[in-house]
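The opening residue of the sequence shown carries number 90 in the numbering used here; numbering runs sequentially from there.
Calculated from the structure, these hints are not laboratory results.
Careful, some of the hints might be misleading.
Claimed, not checked - FRET-style restraints, in silico, Cβ to Cβ: (1) E102 <-> H248: 51 to 59 Å; (2) L226 <-> T112: 19 to 27 Å; (3) L144 <-> Q215: 42 to 50 Å; (4) K180 <-> Q215: 27 to 35 Å; (5) E219 <-> M352: 53 to 61 Å; (6) G191 <-> N311: 23 to 31 Å; (7) L144 <-> K180: 56 to 64 Å; (8) F240 <-> A265: 36 to 44 Å; (9) E344 <-> S108: 51 to 59 Å; (10) I172 <-> Q215: 23 to 31 Å; (11) N273 <-> G113: 56 to 64 Å.
What the hints assert, rightly or not - Listed below are the simulated DMTMM-like cross-link pairs for lysine to aspartate or glutamate, each with C-alpha atoms no more than 20 Å apart in a straight line: (12) K350 <-> E301; (13) K253 <-> E304; (14) K253 <-> E359; (15) K350 <-> E304; (16) K253 <-> E216.
Using N, Cα and C, we set each Cβ at its ideal position, and we do this for glycine too.
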Amino acid sequence: GVIADSKTAVVDEIVNTMSYVRTGDFERPLVIHTGDEFEQIAISYNQMLKDIKRLMQDNEEIARQNILFEIKQLETLFDPHFIFNTLELIKYMTRIEPERVGEVIVGLSKLLRDSFDNTVSCLTLQEDVEYTENYLLIQKYRFGEKLSYDFHIDERARHCIVPKRTIQPIVENALAYGVDLHDNCRLTVEASLQGEELRIIIEDNGLGMDAEKLEEVQGILNQRINRSTHHGLYNVHRRIGLIYGEEYGMKISSEIHRGTKVMLILPKREEPMEDVEGFDCGR
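Sequences are here, hints too, so could you generate the full structure?
Listed below in structure tokens is the structure:
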């Protein structure tokens, strides 16, 4: 009776401890010192726990590295047409306005240097605004009086940490797809804090989209792989989702001939949190 009771107690201990695994708890080893087959079960079980935890850690690291790699790829995608057009602009200005060519060359070199700097993944909103202003300055040389823009950035939002090249690709997309530069193009960029969220709104007065086209673009944003030509919008939305979670990202509203509004929703982050990869977006 005593032996049977002791074996029953050991079996109960095994069942009780194993039940924790079903809830996702892999931190409770099976402690049995009976010197028989039950102890061998415990040894095998504990080794299994170690193997499972190691595999989970390995998989987490692989997933993390894959995400970091994808983010780095999305960061460095820069429209080659812009570079080509700017070089053509520089060539044209050397004949018409040679005294101003230096400003465009300096602006382009800053954009390229910042775009391809793999040591920085995030920066302050103020720095991202300055990057976008530099981009628009070059476009202003190209389009002249046809292009105008305004920035309205809440002072409290300027120090928030954002992924680099958050605003500029949206502005670039507006100029490439949404704006008829035969008419005047007006862009506005606003940023403010709403509770624990940073909201950035980029709005244009361009061609806009009908309901069918808007639905198509929104569908592209939700794909895991982008096979469309809307790289700027997708890259920004995808990076925000990978860094902060799918509850953050981009919302688009548009009407045909009434312009387009893009709202970016990010968590409020005021201090960078660097990890071993230099990934500093305050996740």
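Here's how the hints hold up against the structure:
1. Remark: the range hint 51 to 59 Å for E102 to H248 is upheld by a beta-carbon distance near 55 Å.
2. Range check, L226 to T112: about 58 Å between beta-carbon atoms, so the 19 to 27 Å window is missed.
3. The hinted range of 42 to 50 Å is satisfied by L144 and Q215, whose Cβ atoms lie roughly 43 Å apart.
4. For K180 and Q215, the hinted distance range of 27 to 35 Å is satisfied, since their beta carbons lie about 33 Å from each other.
5. For the pair E219 and M352, the supplied restraint of 53 to 61 Å is violated, since their beta-carbon distance comes to about 21 Å.
6. Our hint of 23 to 31 Å for G191 and N311 is violated, since their Cβ atoms are close to 44 Å apart.
7. Roughly 57 Å separates the CB atoms of L144 and K180, a value that falls within the hinted 56 to 64 Å.
8. Between F240 and A265 the beta carbons are some 20 Å apart, a value that contradicts the proposed interval 36 to 44 Å.
9. At about 57 Å, the beta-carbon gap between E344 and S108 stays in the expected band of 51 to 59 Å.
10. Taking the beta carbon of each, I172 and Q215 are about 25 Å apart, inside 23 to 31 Å as hinted.
11. Between N273 and G113 the Cβ separation comes to about 59 Å, which falls inside the hinted range of 56 to 64 Å.
12. In summary, the hint linking K350 to E301 is supported, as the alpha carbons are separated by about 16 Å, within the 20 Å threshold.
13. Taking the CA atoms of K253 and E304, the gap is near 27 Å; set against the 20 Å cutoff, the hint is violated.
14. Proposed proximity of K253 and E359 is supported: the alpha carbons are some 14 Å apart, at most 20 Å.
15. With a C-alpha separation of about 14 Å, the suggested pair K350 and E304 falls inside the 20 Å cut-off, and the hint holds.
16. With a C-alpha separation of about 9 Å, the suggested pairing of K253 with E216 holds against the 20 Å cut-off.
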